[in-house]
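Asks: In case you want the letters, here they are:
Protein chains: 2
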Amino acid sequence: MNIVLLSGGSGKRLWPLSNDIRSKQFIKIFRTGNGEYESMVQRVYRQIKTVDADATVTIATSKKQLSAIYNQLGEDVGVSVEPCRRDTFPAIALATAYLHDVKGIGLDEPVVVCPVDPYVNDDYFEALKDLGEQALKGEANLVLMGIEPTYPSEKYGYIIPATKAQTSMVDTFREKPDKETAGAYIARGALWNGGVFAYRLRYVLDKAHELIDFTDYADLFDKYGTLTKISFDYAVVEKEPKIQVMRFAGEWKDLGTWNTLTEAMDEPTIGDCVLNDTCENVNVINELNVPVVCMGLKDVIVSASPEGILVSDREQSSYIKPVVDKIEQQIMFAEKSWGSFRVIDINDSSLTIKVTLNPGHRMNYHSHQRRDEIWNVISGEGTVIVDGMEQPVRPGDVITMQAGCRHTIFAVTELKLIEVQLGEDISVQDKQKFELDV
Amino acid sequence: MNIVLLSGGSGKRLWPLSNDIRSKQFIKIFRTGNGEYESMVQRVYRQIKTVDADATVTIATSKKQLSAIYNQLGEDVGVSVEPCRRDTFPAIALATAYLHDVKGIGLDEPVVVCPVDPYVNDDYFEALKDLGEQALKGEANLVLMGIEPTYPSEKYGYIIPATKAQTSMVDTFREKPDKETAGAYIARGALWNGGVFAYRLRYVLDKAHELIDFTDYADLFDKYGTLTKISFDYAVVEKEPKIQVMRFAGEWKDLGTWNTLTEAMDEPTIGDCVLNDTCENVNVINELNVPVVCMGLKDVIVSASPEGILVSDREQSSYIKPVVDKIEQQIMFAEKSWGSFRVIDINDSSLTIKVTLNPGHRMNYHSHQRRDEIWNVISGEGTVIVDGMEQPVRPGDVITMQAGCRHTIFAVTELKLIEVQLGEDISVQDKQKFELDV
Chain B
0 MNIVLLSGGS GKRLWPLSND IRSKQFIKIF RTGNGEYESM VQRVYRQIKT
50 VDADATVTIA TSKKQLSAIY NQLGEDVGVS VEPCRRDTFP AIALATAYLH
100 DVKGIGLDEP VVVCPVDPYV NDDYFEALKD LGEQALKGEA NLVLMGIEPT
150 YPSEKYGYII PATKAQTSMV DTFREKPDKE TAGAYIARGA LWNGGVFAYR
200 LRYVLDKAHE LIDFTDYADL FDKYGTLTKI SFDYAVVEKE PKIQVMRFAG
250 EWKDLGTWNT LTEAMDEPTI GDCVLNDTCE NVNVINELNV PVVCMGLKDV
300 IVSASPEGIL VSDREQSSYI KPVVDKIEQQ IMFAEKSWGS FRVIDINDSS
350 LTIKVTLNPG HRMNYHSHQR RDEIWNVISG EGTVIVDGME QPVRPGDVIT
400 MQAGCRHTIF AVTELKLIEV QLGEDISVQD KQKFELDV
Chain Z
0 MNIVLLSGGS GKRLWPLSND IRSKQFIKIF RTGNGEYESM VQRVYRQIKT
50 VDADATVTIA TSKKQLSAIY NQLGEDVGVS VEPCRRDTFP AIALATAYLH
100 DVKGIGLDEP VVVCPVDPYV NDDYFEALKD LGEQALKGEA NLVLMGIEPT
150 YPSEKYGYII PATKAQTSMV DTFREKPDKE TAGAYIARGA LWNGGVFAYR
200 LRYVLDKAHE LIDFTDYADL FDKYGTLTKI SFDYAVVEKE PKIQVMRFAG
250 EWKDLGTWNT LTEAMDEPTI GDCVLNDTCE NVNVINELNV PVVCMGLKDV
300 IVSASPEGIL VSDREQSSYI KPVVDKIEQQ IMFAEKSWGS FRVIDINDSS
350 LTIKVTLNPG HRMNYHSHQR RDEIWNVISG EGTVIVDGME QPVRPGDVIT
400 MQAGCRHTIF AVTELKLIEV QLGEDISVQD KQKFELDV
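Listed in order, the protein sequences are those of chains B and Z.
According to numbering that gives the first Met the number 0, the first sequence is numbered sequentially starting from 0.
According to numbering that gives the first Met the number 0, the second sequence is numbered sequentially starting from 0.
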């Protein structure tokens, strides 16, 4: 199975767990078998590999998410990086060209596209395989998944199939309706459009060449910034007469709000917390290392992260966006391809962060123009390189770096350090990267 | 006016703002005129000085609170330090001996004793003056303040006066009653016993000599640890026939619970927080530097500090003690006589703290047996002394100290540093203090 996972943008709907750089699909809230937690992207990737160990998985995403993807899935996962955001048609065209030109997938092979963040079970991925096999038959140019509605939702578009068969031609599409209209659609046998579809590779590559002037993947990548923003639905689906839909009746949830996200939690709380026995229907997700104590609450969601603390009535939580959009703040936590960092102190002319490097990884060789830095190694073994000079480091070692000085650190074992940044104008933009010849 | 403020012990009733080392009277939640916040102890001290600029104020307290008292009131305040806790009779005897032997207060002068944490207005301190003047007359050996009850409380003891006059002999005392009994007491003209009373110095000093074998203040201080625990009520008040009570009808609140504390706040929230317009009767006290967002809450108290986060229904908040007593945790924040510190990272074999030294102050000259330390100076100017060697420091300077090495830092201006502690067995007990000859 060739599967393209569309990994969407960032946002604050799940603040303080999601923010301008951390998208909801990277929040670790699902219990794995071994008692750890995994994110939506880790869960979906693991489920695909369970159903089809040989699946070619390609994540279509922006550059901003690359660090988090490599951190959570390892660096072997296929990624089609969009140099900038240009909506779904250019993104799917680029991923399709990537599959053909980089991964060597044949023109007649089926490709399945789906969002990276549905909350589903393994039967969903079995259905994706069926979708691909149906596309391969060539009865239609596109085969959509139609999700059996469980309630008259106003949040989804609807697909109206021509027949009640498991696989049917599509009669027509309907935009997100109001509740009453949604009920009427469902009475007519309409299905939810979850943005999941399959095609033979050639079909989308041809469409891409029709609409965009490019030679191959590398060329398309280079001119990506010049492309017009257009959705795949608008550019392709709505204009295509030969479309089929396959019904899917398994569990399918869109965990885009606090309400839906907490409903999918395996247990009411994650992290250090105490609820007294008068709490009712309370969910807590605490990413801090101090306890959250809840007493006498009903229908409340509490979430604490290095970015802030949310305490919300369950219903009200869906109105979070305008409330938190007003908050302007320093990014307090980030996953990088080499590990992660967390801001632990902000002062007038200094910033202190805790850096964790994964074993075998190093950060970029880089310098800053407008700040000095001090590394206090607190655990692990590694090697620092400062202005070309290499030196082993262990806990207790201190490395001071003046502004302009080039530096990196390589972790042999997991390595943690306290980095003190000093300067009048500390900014993540103040960074020059260099090649390292070692 | 000679006033002894009894500064009681620590506790978790106002967790996460109070804890094993920070008592409620040191929490800064009251707005001062200039837009800053002051604690109960700062508020009471300021009020006394407003009513009587020449008042001799002595705080009777334990050694543990000394740092916080000097930090909040300055080092000129009179303090009678109890070497260990021995209940109120020994504490008041010690403070009285201190007033006589150290402060030179005459045997016939009146002394007023009151708890450090009532929430009151200036009229209360005028009433304390009246109490002292009444004691001076010598009509009784003790003159108590009787607070006009505003409701039939089960939390206070009651004083039943002989007459309805402003000043009356006491007929009898009653222990904390149930609600119905409290109502009956009030119908008989009973008053709340707020633990406020005045006497001529000689009276309590004589009582002390009757019950304890000691020569003077220094001797009493030395043998304090051998004294029997006994309350002033039990040792003196209940056995004394010549007691008067003076009525006080002004505002008087005991801010010992989250419910009463938040009612006394000048505005609904303190610190960085956003409440949407569906919140009702919500109080937030946020001591962290990240925002608290509240949505759709009713009758809820939220408090966040470096120790943890409390989210409680207003009513339920009075049952907090058993819930938080189970929590065992590292002290994350403390006020010291020289400034303050906050734990910013906890790792397996390291602890990182942010230290703030007030201008002109220094910490003790000390060493640790089982940990190395690194100081990263991030702001201010000062001088470090390491194993007798003195050196000026400024932002960006790094000082490394091996276990066993003696060290201190003196702040010329306000000075902040990031201290990284490294060792297998980091503990606040691991500290030897030394004299410094400079």
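Hints are not guaranteed to be accurate.
Since the list gives no way to pick one copy over another, a pair counts as held whenever it fits inside one copy or between any two copies.
With a straight-line Cα cutoff of 27 Å, these simulated DSSO-like cross-link-like pairs (lysine-lysine) come out [as the list claims (entries may be wrong)]:
#, residue 1, residue 2
1, LYS163, LYS252
2, LYS325, LYS178
3, LYS252, LYS432
4, LYS320, LYS297
5, LYS11, LYS297
The set of hints was computed from the structure by calculation and includes no laboratory data.
Asks: Does each hint fit the structure? Answer for all of them.
Replies: Each hint, compared with the structure:
1. LYS163 to LYS252: Within one copy only: 23 Å inside, 72 Å across.
2. LYS325 to LYS178: neither (30 Å within a copy, 48 Å between copies)
3. LYS252 to LYS432: neither (41 Å within a copy, 62 Å between copies)
4. LYS320 to LYS297: both (22 Å within a copy, 21 Å between copies)
5. LYS11 to LYS297: both (24 Å within a copy, 24 Å between copies)
Hints 2 and 3 from the list above are not met by this structure, while the remaining hints are.
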